[in-house]
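Chemist: Single-letter residue listing:
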Amino acid sequence: MESIPQGATQGRITKTGRSEDVHTKLIIRLQMDVQLFVKGGSLPVARNGLVRMRGAGRRRGRGGAPAGLVGVRCYPFPGSFPAPQPASRSLNCPGQARSDTAALAQPPPPPPPQAQTSPGPVKMGAVPNRRLGSVRGVPMSSPPGRRARLSSPGTGRSSSEAREELRRRLLGLIESNRVMIFSKSYCPHSARVKELFSSLGVECNILELDRVDDGANVQEVLSEITNQKTVPNIFVNKVHMGGCDRTFQAHQCGLLQKLLQEDAAFEYDLIVIGGGSGGLACAQEAAILGKKVMVLDFVVPSPQGTSWGLGGTCVNVGCVPKKLMHQAALLGQALSDARKFGWEYSQQVKHNWETMTEAIQNHIGSLNWGYRLSLREKAVAYVNSYGEFVEHHKIKATNRKGQETYYTAAKFVLATGERPRYLGIQGDKEYCITSDDLFSLPYCPGKTLVVGASYVALECAGFLAGIGLDVTVMVRSVLLRGFDQEMAEKVGSYMEQHGVKFLRKFVPVMVQQLEKGSPGKLKVVAKSTEGPETIEEVYNTVLLAIGRDSCTRKIGLEKIGVKINEKSGKIPVNDVEQTNVPYVYAVGDILEGKLELTPVAIQAGKLLARRLFAGCLEKCDYVNVPTTVFAPLEYGCCGLSEEKAIEVYKKENLEVYHTLFWPLEWTVASRDNNTCYAKIICNKFDNYRVIGFHVLGPNAGEITQGFAAAMKCGLTKQLLDDTIGIHPTCGEVFTTLEITKSSGLDITQKGC
Amino acid sequence: MAAALRGPGGRFRWRTWAAAAAAAAAAGGVRGAARSAAAGRQDYDLLVIGGGSGGLACAKEAAQLGKKVAVVDYVEPSPRGTRWGLGGTCVNVGCIPKKLMHQAALLGGMIRDAPHYGWAIQPVLHDWRTMAEAVQNHVKSLNWGHRVQLQDRKVKYFNIKAGFVNEHTVCGVAKDGKETLLSAEHIVIATGGRPRYPTHIEGALEYGITSDDIFWLKESPGKTLVVGASYVALECAGFLTGLGLDTTVMIRSIPLRGFDQQMSSLVTEYMASQGTRFLRGCTPSRVRRLPDGQLQVTWEDLTSGKEDMGTFNTVLWATGRIPETRSLNLEKAGVNINPNSQKILVDAQETTSVPHIYAIGDVAEGRPELTPTAIMAGKLLAQRLCGQSSDVMDYDNVPTTVFTPLEYGCVGLSEEEAVARHGEEHVEVYHAYYKPLEFTVAERDASQCYIKMVCLRKPPQLVLGLHFLGPNAGEVTQGFALGIKCGASYVQVMRTVGIHPTCAEEVAKLRISKRSGLDPTVTGC
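The listed protein sequences derive, respectively, from chains B and X. Counting in numbering that gives the first Met the number 0, the first sequence runs from 0 upward without gaps. Counting in numbering that gives the first Met the number 0, the second sequence runs from 0 upward without gaps.
Careful, some of the hints might be misleading.
To be verified - So the derived list for chain X, only partly shown, Cβ under 7 Å to chain B, looks like this: (1) 103; (2) 109; (3) 110; (4) 150; (5) 438; (6) 440; (7) 478; (8) 491; (9) 492; (10) 493; (11) 495; (12) 497.
Since the hints were made in silico from the structure, they are not lab data. Note that beta-carbon positions come from the ideal geometry of N, C-alpha and C, so glycine has one too.
Work out the full structure: start from the sequences and follow the hints.
Modeler: Structural data, given as C-alpha cells:
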C-alpha cells in the first residue's frame, strides 16, 4: 500500500459530495486556527486538515469487546465537536490561538491498558526499516482487497459493531497519547515526521498500519474521523495536525511547539455539575478510580425561598422526605389498626407537623453531612457554587456571594436534575408551594389543594391526608400518566376511599391570597377542561405538582454546543450517556427519554465513571427498571404497563393474570377486603415470559424489588408457578396466580 | 394439624375401637376384607386424611378435576384442652395466628415510633383479650371459609378421626363414637404434626402449654418461659416480648438449627436488644405449681452443671413437633415409616410404600414443614392422580421467613451449607449492614439489619442463597426466591436497579465480599 501526498486527496473528498460550507460549519475552533494560520503560508486549505463531526458526535457503543480489543479504554476524541463559531475568536493570529488551545488541549492521561494489546503502537526507537515506496504527487489508488477485508471482519460480529469498537480504540489512542502517529513502516513521509519528532526530542506513539491485522480498517476509520485518507496521520495533544506537510508547516510557524507545550493539565480529570444522586455517584466512583474530581452543587432557592444542602432532589426534596412522611401517614393508619390488635389508648391522637418535619429535616441534615464527608474522604473537591460553561473545557463557578472562579476539566458530567414546574398563572409563584418547599414547611399546610396527577402529586396528597389534613387533588386528565392506567385508577380510588377528594378535569386559572399567615388563605379559581364551568374554593395551601423542568438552560451549554431538546430542556445522549459534545456526559433526570429515578441515576453515574476511567464497557441498562409509587396504598411495578404491552405485542399475544388479595394484617384490622391487587402480563409467544409486573398493596416496594431481579433473569409464568410462596406474605400471591383477565372470572379472594 | 389422636384419653378410645374393628375384620380375615373392599365398591376416588393446608389443597384440586373426593379431619384436643376447626396447623395454630400476633407486636413498635413522626401519643398498654379475640375470630372465619370451599367443590367432609382398616379402607370415629367406614381408590395422608411435650420433665405435661394453646389463650400468658430454639420458640417469644410481656427463652444449644448460624445469632441478638431474655445452655428439669398459681421452673445450666430456678406464669414448650402417624394404623395398610422420626417414607411422587397411598406435608419424611410446600405438593399430586400433569414437586430453593421481631427471610443455601457443598474457596459471600430509612427518624437501632448473599465464586457467580434480616423480610425474599429459581447470578442481581427507598434495594447493592474484609456497613444513600 502506498501513501500519498497531502494535496492528492482533495479531488477524492470533493467526489464524496461534501460542500465547502458544510465543512466550514464543522470546523472546530482549533483546527480553524491551524487552518487560518496555515492559510497565511499560501497553502491551499486542505480539507483533510479538518475534523468532521460525523462519527465523533454520537457514537454507538456495544456491550462486549472483541477478542483483540479487550481492555481498550473508550476515550472519546475531545477534539472533534461541532462548536458554534464564536466570531470574536475565529479570526486570530497565532498568539490568540493560545487561549483557544488552552481550552482544548489536554495532557495525555496515563497510558491506557491498550498499550498491552498487540499489535499496538510502537515507540519511536522501534521504528522499523522504511522503504521509499511512494512518490510525491502520485495519487494513491485504492488498495486491492480493502473493501473485501472491511466487509468481512472475521470476528463473527456485524461489521458496524466492529467498526465502532475500532473507532473507540483509535479515539482512545488519540486521547491518551501526547503525540499519536498513524503511519506505515515503509512510508517515507511517515519517516520524515518520525524524524521530526525525534529531533524535537518528543516521545510519540506510532501505530504502523501495515504491521497490524486491521490496518486497512484503521485507515478507513481514521479517514472518517479526520477526513484524511492518507498516512501519516498525526495528532498532537488530541489535535489533528494532518499529514507530513502540515506537521512541518506547523513546526515552521511554531504552532507545533506550542501544542506540544500545552502540557499544562486541565485542573481536573472530571467536573460533575450537580451534586445529586447521579452526580455524586459518578464523582465518587471516578475518585475511587484515582481521578481528580470536582463536584459543583448549588441549590437555587425556590420561589418561596427554600433551599437545601448537598445530595440533590432525592435526599432533600424527594424520595427520602416523602417516604418518611409516607411512613408518618402509615403510622397513623397503624395507630388505628393497633386498637383492633389490642393496643389501648384513650386520647384522640393528633399529628404535629412541626415535630415530624424537624425529625425529617434532622435526618436529611445528617445525610447532607454524610455526603460532604464522603466526598472529602474520597478527595473529591466540593464547591458550593453555580456552574456554568464559559468555553470548552472551562466552567465558571459562582458562589452565594457572587464570587466567580473558573475551573477546567478534561471531562464533564451534567447532573443538574430537575425542579418543579409552575403553572404560569396569576399568583402561582407568589402563593403556591411545590415539593421543593413542602418537606421543610415550618408550619402545617392545613387544607391543601394539590394540583397535578403525577406520582409526586398523589404521594404528597396521600401522606397529607394520612396525617389528617383536608386534601383535594385537582387533575387535568389522567392519573399517573405513563403508568398502567388500571393500577393508576386503583391507586386513586383507594385514596378517594380514604378521604382524598379528587377534582377531575379541572385546571387552576388563578390563585389569590385572601389572608396572610402560616398558613394563610388562598382562593383558587379553576376552570373545567371540558366546558365553561369554573369553580372557586379556599385553601390554606396550594401545592403544585404538575411536572418538572430540567435545569439545563442556564448552565452555558450553548457556549460549548451541547444540544438540548429545546422543548423539554432534556439532553439527548447516546447509550453511553455521552452528549453531542464528546467530552460532556449527562446522567439522571435531565436525560431525554430515560427514567427519572434515583437508583437509575446512581447506576448510570457509577457505570459512566467506570467506563470513562476504568476501561469498563458495561452500560446502564434502562430496561425493566422497577419503581414504586408510595401512595397510601403503595404501587410497585416493573416492565410494561398493560397499555404499552398491548401496543407493543398486541392484545391477542398477551395473557394477563390477576387477582385481588387481602393482606393478612388487614383482616384483623378490618381494612378493606379486595382492594390490593396483583397483575402480571405475559407474552404468550415467548414462553409466557413476564413482561409486566404490577402490585398494589402494602410494602409494594419491598415486594417488587426481588421480582425485578427475577425479570432480569427472564422470569416466566411457569417459574412463578414453580416457586413456593412465603406464607403468609403479600408477595406470595404471585406464585399462585391462576385467573386470566381474558377469562373474566371472579378474582375476589376467599380463604387462605 | 388435623386427624389428631393425641392425648391420654384419645389413645385409650382408639384401642377400644381398634379391638372392635379387628374383631369384626377377623370374621372374614383381614386380608379378605381388604380384598373385597378393594375389588368391590370404592366410595371415593380419593380420600384425604387430614384437613390442613396440603390435604385441603389436594382434595380441592382433585375435586375440581372431576374426582369424587372426601376429606376426614379431626382435631384431638391438646393436653390443655385447646381445639379448633378445619384448616390444620397453619390456619389455626401456626402461620396465621402467629403472623397476626407478630403484627400486633410490630404495631406496638410503630406506636413507639409514632411520636417521632409527629403523632402525639403516650406509651400504651396491650390488652391480650382484644387481640386474641380478633385473631381467633379471623381464624374461625377461615375455618368457615374452608368448609364452604369444600362444599362448593363437592368434597365430602367428615369430622372424624381416621385409622386404616386395610389398604383401601379407613374407619373414622366421630366425637359421639359413631363409626364410618370409607374406602377409596387413592388415599392421601396429610395429618401433619403436633408439638412435642418433653414428657420426661416433671410437670411438663401438667403445667406447660404449646403453640397449640398460646394463640387460643383467653387471658394474657403473663411472664412466660419459652423452652426451645426452633423458629416457633423464637417467634412466640418475639411477639410476647413485643406485647410487653416479660419473656425468657431457654435454649439448650443453638438457636434456629438448620438455618444460617450467623443470621440466627443476629436474630437472637436483636431479640435480646428488644428485651427478650435468653438462658443459653440450659435445660429444664422440672415444673411445679406454687400455691399462688405461678409455675416454678428448675433448670440445669449445662456448662456449670448448676441448678437454677425461676417463676413464671406460663411455660411454653417449643422443642419440636412429632408427626401424626401413630394413630393411623399404618401397619394395616402396609405404609412404612421411619422408626426414628415416625414420619412416612415417600418417593419423589409422594408415594408411600403402598402405591396408591401417598403422604404430603409435615407428615412426610424429608419434606420442609411449610404450608406453601404442602399446598403445592398437594395440588401437584392431585393433578398427577387425575392425569393432568406429570410434574413432581421441586423441594429445592424453598424460600421461608422467620417472623421474629426483626424478620429473617431466606432462600437457598446457608453459608455453612454452601461451604460444605462447594468448599470455602469456591464460595463468595456478599454482605451488608444497612439501615432501613424508617428506622432513622424513629431512632431505632439497626445493628442487626443485615443481608448476605451466598454465591459461587466462579463467574458469573451463581447465587446459592440469600439471607435477609430486616423489616418485611418475607415480602423482600419472595421475589428474590424467583430470581434464584431463574438461576440468577450475582452479576444479574447487581444489574437490577433498586427501588428507592426500600430495604430490598440493598440486596441489589451488595458490593462488599466477606473475603475482602472490608467494612460492610452501608453509609449514605
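Chemist: Please go over all the hints and tell whether each is borne out by the structure.
Modeler: Cross-check of the supplied hints:
The beta carbon of residue 103(X) comes within 4 Å of a beta carbon in chain B, closer than 7 Å, and the hint placing it at the interface holds. Because the beta carbon of residue 109(X) sits about 4 Å from the nearest beta carbon in chain B, less than 7 Å, this interface hint is met. Checking residue 110(X) against chain B by beta carbon gives a least distance of about 6 Å; that is within 7 Å, so the hint holds. Given the 7 Å rule on beta carbons, the hint for residue 150(X) is violated: about 12 Å separates it from the nearest Cβ of chain B.
Annotation: residue 438(X) was flagged as interfacial toward chain B, and the flag is violated, the nearest CB pair being 10 Å apart, outside 7 Å. Using the Cβ-Cβ criterion of 7 Å, the hint placing residue 440(X) at the interface with chain B is satisfied: the shortest such distance is roughly 5 Å. Because the beta carbon of residue 478(X) sits about 2 Å from the nearest beta carbon in chain B, less than 7 Å, this interface hint is met. Because the closest C-beta pair between residue 491(X) and chain B is about 5 Å apart, less than 7 Å, the hint holds.
At about 5 Å, the closest approach between the beta carbon of residue 492(X) and any beta carbon in chain B falls short of 7 Å, and the interface hint on this residue holds. Checking residue 493(X) against chain B: minimum C-beta separation of about 9 Å lies over 7 Å; hint violated. At its closest, the beta carbon of residue 495(X) sits 4 Å from a beta carbon of chain B; the interface hint therefore holds under the 7 Å criterion. Residue-level restraint check for residue 497(X) holds (minimum Cβ-Cβ distance to chain B is 4 Å; threshold 7 Å).
Checked against the numbered hints given earlier, the structure breaks hints 4, 5 and 10 and satisfies all the rest.
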